[in-house]
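Engineer: Going down the list, the sequences are from chains A and F.
Residue 151 in numbering that gives the first Met the number 0 is what sits at position 152 of the first sequence, and the numbering runs on without skipping anything.
Residue 28 in numbering that gives the first Met the number 0 is what sits at position 29 of the second sequence, and the numbering runs on without skipping anything.
If you're looking for bench data, these hints aren't it; they were derived computationally from the structure.
Warning: the hint list may mix true and false statements.
FRET-style restraints, in silico, Cβ to Cβ [claimed, not checked]:
1. Met34/F x Lys72/A: 43 to 49 Å
2. Lys91/A x Thr19/F: 20 to 26 Å
3. Ala152/A x Val21/F: 32 to 38 Å
4. Lys3/F x Asp146/A: 22 to 28 Å
In this text, a Cβ means the ideal position worked out from N, Cα and C, and glycines have one as well.
Here's the letter readout for the chains.
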Amino acid sequence: MRVLAALFLALIMNNVSALEVGDKVPDFRLPLLTQQGQAGLSSFKGKVVYVDFWASWCGPCRKSLPALNTLRKELKGKGFEVVAINLDEDVKDARAFLKEFPVAYPTLYDGTGKTPELFGVRGMPTSYLIDRQGKLQAVHQGFKPSDITGIRAQVMSLLAK
Amino acid sequence: MNHKLTITLLTALLLTSGCTAVKPWERGNLASDVMSWQGDALKASLDNHVYFSKEGSSGGGQAAGGGCGCN
Chain A
0 MRVLAALFLA LIMNNVSALE VGDKVPDFRL PLLTQQGQAG LSSFKGKVVY VDFWASWCGP
60 CRKSLPALNT LRKELKGKGF EVVAINLDED VKDARAFLKE FPVAYPTLYD GTGKTPELFG
120 VRGMPTSYLI DRQGKLQAVH QGFKPSDITG IRAQVMSLLA K
Chain F
0 MNHKLTITLL TALLLTSGCT AVKPWERGNL ASDVMSWQGD ALKASLDNHV YFSKEGSSGG
60 GQAAGGGCGC N
């Protein structure tokens, strides 16, 4: 009886183990969207990395991708990198989106949902700011154009460390 | 042991196996335009405006309203 109740509870509760600020971010490897090959977190060791989960159907992403592209252009030389992970079901949608909103930073593709599960993504878009030591420093959910000022300040303070 | 309760729980267990939580990144189809109640937001708001002005005395689109016609 107790086992049954526990099983029942386990089934109805969908507990997601999300990454928390201060955690060491586990490595992942994913195929690149616009070219051959793979990349992962370890490809950007020693850099301040902004991992951005997005999808072509996500409204705010139309604002966030161009804004992040500008920020990355400005701070790339100081050791900042944006890694965008696309979560579209159909990879063609993602490529069409990137044609409309081209970005210079690496874009990866995860159609399996493993990486967002690993990070504990709760909404689209969600971003994770990782410091030079590979530790999670901030989680950013959603996006509106005014957010970029705060993100820039966070990135600057991490770059200075 | 209470057989009825066991059977109820077992049935509930069977039913929950049909539940899946849609993950935030799986909402592509739900976010599609054809999934919205109203295809055109501007047309919908115009339609609503007319509807409210005509049906104001009965509370417009809502059940509340005193019937004063001042909606």
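Engineer: Work down the list of hints and note, for each, if the structure agrees.
Structural biologist: Do the hints match the structure? See the list:
no., hint, verdict
1, Met34/F x Lys72/A: 43 to 49 Å, "violated, 36 Å"
2, Lys91/A x Thr19/F: 20 to 26 Å, "holds, 25 Å"
3, Ala152/A x Val21/F: 32 to 38 Å, "holds, 34 Å"
4, Lys3/F x Asp146/A: 22 to 28 Å, "violated, 55 Å"
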